[in-house]
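Engineer: 1 is the number of the first residue of the sequence shown in full-length UniProt numbering; add one for each residue after it.
Derived from the structure by calculation, the hints contain no laboratory data. Every residue gets a Cβ at the ideal spot worked out from N, C-alpha and C, and that includes glycine. A portion of the hints provided could be inaccurate.
Cut-off 20 Å, straight-line C-alpha distance, at most; resulting in silico cross-link-like pairs (EDC-like, lysine to aspartate or glutamate) [to be verified]:
id: 1; residue 1: 275; residue 2: 100
id: 2; residue 1: 275; residue 2: 265
id: 3; residue 1: 275; residue 2: 48
Derived CB-CB ranges, DEER-like [unchecked claim]:
id: 4; residue 1: 112; residue 2: 206; range: 40 to 50 Å
id: 5; residue 1: 261; residue 2: 178; range: 36 to 46 Å
id: 6; residue 1: 45; residue 2: 94; range: 15 to 25 Å
id: 7; residue 1: 75; residue 2: 111; range: 14 to 24 Å
id: 8; residue 1: 112; residue 2: 258; range: 11 to 21 Å
id: 9; residue 1: 284; residue 2: 47; range: 32 to 42 Å
id: 10; residue 1: 94; residue 2: 132; range: 19 to 29 Å
id: 11; residue 1: 283; residue 2: 258; range: 26 to 36 Å
id: 12; residue 1: 284; residue 2: 94; range: 23 to 33 Å
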Amino acid sequence: MPDSKENSPLVVLGAGVMGTAIAALAVGHGHPVTLVDTSAGARAAAPDAVALHLRTARLMGALPHDRPPGELTVEEAPAAVATATAVIEAVTEDPERKAEVLADLASVARPGTLLVSNTSGVPIDELADAVPRPEDLVGVHFMNPAYVIPTVEVVLGPRSGEAAARATRDLLSGLGRRGIVVGDGAGFVTSRLLHRMLNDAIAVVHEGRATPETVDALMRDCIGHRTGPLATADLIGLDNLADSLRVMHERTGDPALRPSELLLDKVRQGLLGRKSGRGFYDYQEATR
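Required output: the full structure, derived from the provided sequences and hints.
Structural biologist: Put into structure tokens, the structure is as follows:
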């Protein structure tokens, strides 16, 4: 297994909200990063998105001040995987898409290269079926925004190897992150608990018992939830939340994990939360 030094080269596949945030986290800690996306639009927008994340992180004091930033490269094809220390897949929460991407990455990576799936709920052992060396694959659930939240959920599947576990610890240490290891299974710990609550909060709004503002105020001021569940759903991305709930519902059969109709309606309308400008709240004025 290649060792993970401060300036080890990383590849992040997926230049969406999470991919650019993870890339910014790595660049801010001195790693050269190749960010890969097949979408020309996503590639064009990626440098500005990473730069904005870096500025935000520095303003919040969330990055080291004594380390020069790593170089960011944006590419269409994952050729850089062949020389990377670690590869982080950060595409949408679609099990088939993730499996396809991981298979492509594994076909280019050297044996022993750490393969990381950034997933909020797809079981790692399920994804391991797609790669020739399942012992190289682990799950790391970075929270949003990845450059601010210092703790991540680490998922070791039944076939994840000890070398991959060590490499994951080294990678996270180099990113200034604390990893907490949990067992494999749909939703792991954080999504299994949090997303159920968010789904219930959305159902309360759908039933007309309270507005999003009221639900969030009660949960913040009475329960101590930092942002409130509806604002949290908007931050996650309502499409990502729906996908994660769907994955868990299909694998557990738990009716509480079936995505709320109001959530699905928002997604169909393109009201995806902060990233689209509107979700349960309107962010367009703030964006302007």
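Engineer: Please go over all the hints and tell whether each is borne out by the structure.
Structural biologist: For each hint, the structure was consulted:
{"no.": "1", "hint": "275 to 100", "in the structure": "violated, 25 Å"}
{"no.": "2", "hint": "275 to 265", "in the structure": "holds, 17 Å"}
{"no.": "3", "hint": "275 to 48", "in the structure": "holds, 15 Å"}
{"no.": "4", "hint": "112 to 206: 40 to 50 Å", "in the structure": "holds, 49 Å"}
{"no.": "5", "hint": "261 to 178: 36 to 46 Å", "in the structure": "holds, 38 Å"}
{"no.": "6", "hint": "45 to 94: 15 to 25 Å", "in the structure": "holds, 21 Å"}
{"no.": "7", "hint": "75 to 111: 14 to 24 Å", "in the structure": "holds, 22 Å"}
{"no.": "8", "hint": "112 to 258: 11 to 21 Å", "in the structure": "violated, 40 Å"}
{"no.": "9", "hint": "284 to 47: 32 to 42 Å", "in the structure": "violated, 24 Å"}
{"no.": "10", "hint": "94 to 132: 19 to 29 Å", "in the structure": "holds, 21 Å"}
{"no.": "11", "hint": "283 to 258: 26 to 36 Å", "in the structure": "holds, 27 Å"}
{"no.": "12", "hint": "284 to 94: 23 to 33 Å", "in the structure": "holds, 27 Å"}
Checked against the numbered hints listed earlier, the structure breaks hints 1, 8, 9; every other hint is satisfied.
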